[in-house]
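Engineer: This is what each chain is made of:
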Amino acid sequence: VTDFTLPDIDYAAIAPLLILFGVACLGVLVEAFVPQRLRHPVQLWLAMLGILAALVAVVARAGAADVTTAGGSVTVDGPALFMQGALLSFGLVSMLLIGDRRVGGGAFVSQAAITVGSRADLRQAGAPGATEVFPLSMFSLGGMALFIAASDLLVMFIALEVLSLPLYLMCALARRQRLISQEAAVKYFLLGAYASGFFLFGVVLAYGYAGSVDFATIHSAVDQSEMSPALLYVGLALIVMGLLFKAAAAPFHVWTPDVYQGSPTPITAFMAACTKVAAFGALLRVTYVAFEQLADEWLPVLGVIAVLTMLLGAVMAVTQTDIKRLLAYSWIANAGYVLVGVLAVGREGASTTMFYLVAYGFAVLAAFAVISLVRDRDGEATHLSRWAGLGRSSPVAAGVFTLVMLALAGIPLTGGFTAKFAVFSAALDAGEAWLVIAGVISSVIIAFPYLRVVVMMWLSEPTDSTARMVNPGVFTGSALGIGAVATVALGVVPGPMLQLAHDAALFIP
Amino acid sequence: VVQLNDFPYLSVLTAAPLVGAVVVALLPRRSPELAKRVALGWSLGVLVLLGVAWAAFEAGGERLQLRESYEWIPRWGINFTFATDGIALVMLGLIALVVPVVILASWHDAERPGVRRSVPAFFALILALEATMLGVFAAADVFLFYVFFEVMLVPMYFLIGSYGGARRQYAAVKFFLYALVGGLFMLAAVVGLWVAGGHTLDWQALTQVDLSTGTERWLFLGFFLAFAIKAPFFPFHTWLPDAGGAAPAGVAALLVGLLDKVATFGILRYSLPLFPDAARWFAPAALTLAVIGIIYAALLAVGQNDLKRLVAYTSIAHFGFIGVGIFAFTTQAGTGAVLYMVNHGLATGMLFLVVGMLVARRGSALISDFGGAGKLVPVLAGVLLFAGLASLSLPGLAPFVSEFLVLAGTFTENRPVAVIATVGIILAAAYVLWMIQRTTHGPLNPALSSVEPMRRDLNLRERVVVAPLIVLIVLFGFYPKPLTDVINPAVEATLADLDVAPAEADMEAQP
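Heads up: the sequence lines are chains A and B, in that order. The opening position of the first sequence corresponds to residue 1 in the numbering used here, with each subsequent residue numbered one higher. The opening position of the second sequence corresponds to residue 1001 in the numbering used here, with each subsequent residue numbered one higher.
Hints are supplied without guarantee of correctness; some may be wrong.
Cβ-to-Cβ under 7 Å is the rule here; a few derived chain A residues that face chain B [said to hold, decoys possible]:
| no. | residue |
| --- | --- |
| 1 | 5 |
| 2 | 28 |
| 3 | 30 |
| 4 | 32 |
| 5 | 227 |
| 6 | 230 |
| 7 | 413 |
| 8 | 431 |
| 9 | 443 |
| 10 | 497 |
| 11 | 498 |
| 12 | 503 |
These aren't lab readings, by the way, just hints derived from the structure by calculation. No experiment lies behind these values; they were computed from the predicted model shown. Virtual Cβ for every residue (Gly too), placed ideally from N, Cα, C.
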């Protein structure tokens, strides 16, 4: 009988995780015990303060020694801290969008499970939205923070589930267009469940090969194990597949446009900014730490996936007429660009990938803040034709959206350009010229849809069907402002953030 | 004691119009006159500042002068470096000079019937464009150059798209997409240069780097594609007639007269010195494209019935001449090419402005809508004739000097090219004179006299607009020395980078 010893836990190192999960649990209690009319403000401030506290804990940790704790299952190193910091910053901005009830009574319905179109459903049209969304998003955020720091395949799988399950639920919570919201949730759940299954099967095979789920052990087992290497390769492939599903890389991207379009816009923003960081954080750790020695095997495969993702996202974006679907395909194309950074390998690969995620996150948060404001009687007006001449009536919000479009198109003096330069230069430095060429071609193609939106807003005359831009309240207004200022700052003075990303970009085994 | 040379001329020069743009944009929409006056005053202030910078530049001194450098992105070894050689200096001068002229010429362009856009925004965009144009010529770091090269598109895009005539949306999008495609190829080349050059993009440092032949050719191609689209050279030219035809006359003058010169300047400053071997290897191809451009665009110009599109096509032909001058690799032709850039900015800028005055009066840009206009507006017709003659390089006017230098410098090295290019001169006479004949000469088109504005000749504002251009075109026609003095050393230095022996010896051998 082996003795069971409790693993040492470095509570200071995992303080951000504890805060996030603690606040999430507290949120569940608030749902149960606080009277309904107080719930929204209490939940909102609880969530915001919780994220802020976790962020402070992450920042306070900066510069401390890297540790692997909790029995080797959680690693708190530079990349983990950097990406947790990014994640929590995005989480905070998303929370501003999620909590805003000024715009159309909030984005969320009060009871998502009621049959769409039934009498009960019509009755709840004016009811205040569900406040469960706050603990759900806190759990999801906690899962993402753990996902990035997990250094053990099983913990990573648990984190994957913790971050995914609340997302599936939140997708279904849209106040308007209930049907496509529910459709989005079902699609995301079914495909996500498949992806989780793949991931778990990969974990099993990797365990079969290495005899452990620990990254360090897997790393040293490669070439040492007496098991068939087929286990290792297939295991790696399945694990990466699960991660690429979350990252929306082709050919695992098909769920993205529907989920993007159907989800409540604040949740789409949350997914766009935060899930991307989490997915690529985990992908970096799996490829750079656990399977580092197999780089020769996964590099070409991921390279093909990156090229496919960039081109497919760009080409499909050209044909879109719905702004949320357009951003979904843009998200896919951008997943390709981030993959280019990942494939640069080494410290530069990690640092440019992380920089890209930061620059992209802020830009896309500002974009969705604007989208949540363009409305008519039936909620958000996301069809492109409804945006005609918006620049005339609301120059500031349209200006911010134009800035985001220019950033995504890679026009200099925006974060988007610096990020593209970063990943392309790192990839070229690593000798991956073909990825850079594919990236440039993809950027050329995808510039067109971005430009079309700008044309719509500024050069087209407003028509009768042009939607109205709602005046942003403090919350959505600040989200918009933070996104825009960060996008410009990362373009004009990218030095400090690049340095920070570089300093943080060392994984510990 | 602060020395004259220590003053950060170039960054102040670049920042000044940008500040002006912000100031003008913040002016109330309801007082358009105020916005116009502030914009004009501001651009004149920039002109004065440029005059001081020009005085601080020492002709025949160091190649890059007025250098200033600030750390920008230390992780990538990228600095915020400004410096100018003679070629950039004359272009900076041209920009500072033409922008106030264009502002004055565009006085009513933003408030035409049918244009319901903000007047202050129009002039703010022009000043913002001036800032980016000054920046792109003053940059001495490839990264900084690229930044300005791309950002320049944004104000121009809105100027065409928001204030242009019919088909302005189509033209603006086409302009932006063409330029962006070129820009992204250049981005790939810039990234490649950064990697191959050992993680620096400082121009001076890069001239010392030896690249392998393959790398050099690919990088040259990336830059050249961007420049060929921007200039534009045949066969990447189709966006220019659309943009030039749809843009308001003043904006078209800025686009063709100034902004597109970035391309030919870029070839001289970046493509040749940084990739000398590749430049020599590609030269025959580039010359071929340039010569085809001269003939092809001239033929298309002859067949045009739209005044603004016609001027746009003449420009493509002129860019062919500049291309020939650059890739002939002789001091004479190179100096001619740079001089051509200046003179073309003056002459074609003027032609666009004068044509704009005609079009604004008639309400149509179609040549067939005119006929005998000289009887109604004799002064305007005279000015149009002058601009046309300058554009076809009449001896005694500035463009003649540059065209002669280009052809003479090319003839010594590459006779067939020079001979074919000369055909372009004949075609130029054809399209300019035929256009003038059909618009201002001949019997008076009866429909014309019923258009009330057609009976108003040049007013004081319009006379002030054309006067400085006429003076300079005549002055540089007889006395180009102030320009050649600063251009010549820079061209010689560029050719030295190419390891091409300066062709002085050959020149003297000619009778």
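Engineer: Less than 7 Å between beta-carbons is the criterion; does residue 503 of chain A satisfy it with respect to chain B?
Structural biologist: Hint on residue 503 of chain A: violated, closest Cβ of chain B at ~10 Å, above 7 Å.
Engineer: If you take the shortest Cβ to Cβ gap from residue 443 of chain A to chain B, is it below 7 Å?
Structural biologist: This interface hint holds because 5 Å falls under the 7 Å limit.
Engineer: With a cut-off of 7 Å, does the beta carbon of residue 413 of chain A approach a beta carbon of chain B closely enough for the hint to hold?
Structural biologist: holds (6 Å)
Engineer: Quick one, is the residue 5 of chain A hint okay against chain B at 7 Å, beta carbons?
Structural biologist: With a closest approach of 44 Å, the residue 5 of chain A hint is violated.
Engineer: At a threshold of 7 Å, is the proposed contact between residue 30 of chain A and chain B supported by beta-carbon distances?
Structural biologist: Hint violated; residue 30 of chain A Cβ to chain B Cβ min 44 Å, cut 7 Å.
Engineer: Under 7 Å is the threshold here; is the Cβ of residue 32 of chain A close enough to any Cβ of chain B for the hint to stand?
Structural biologist: violated (50 Å)
Engineer: Return the status of the interface hint for residue 227 of chain A: holds when the least beta-carbon distance to chain B is below 7 Å, violated otherwise.
Structural biologist: With a minimum Cβ separation of about 40 Å from chain B (threshold 7 Å), the hint on residue 227 of chain A is violated.
Engineer: Tell me if residue 498 of chain A is really an interface residue toward chain B, meaning its C-beta lies closer than 7 Å to one of theirs.
Structural biologist: holds (4 Å)
Engineer: Close enough to count: is the Cβ of residue 230 of chain A nearer than 7 Å to one in chain B?
Structural biologist: violated (37 Å)
Engineer: Quick one, is the residue 28 of chain A hint okay against chain B at 7 Å, beta carbons?
Structural biologist: violated (44 Å)
Engineer: Minimum Cβ distance from residue 497 of chain A to chain B below 7 Å?
Structural biologist: Because about 10 Å separates residue 497 of chain A from the closest Cβ in chain B, which is outside the 7 Å limit, the hint is violated.
Engineer: Using the nearest Cβ pair, does residue 431 of chain A come within less than 7 Å of chain B?
Structural biologist: violated (9 Å)
Checked against the numbered hints above, the structure violates hints 1, 2, 3, 4, 5, 6, 8, 10, 12; every other hint is satisfied.
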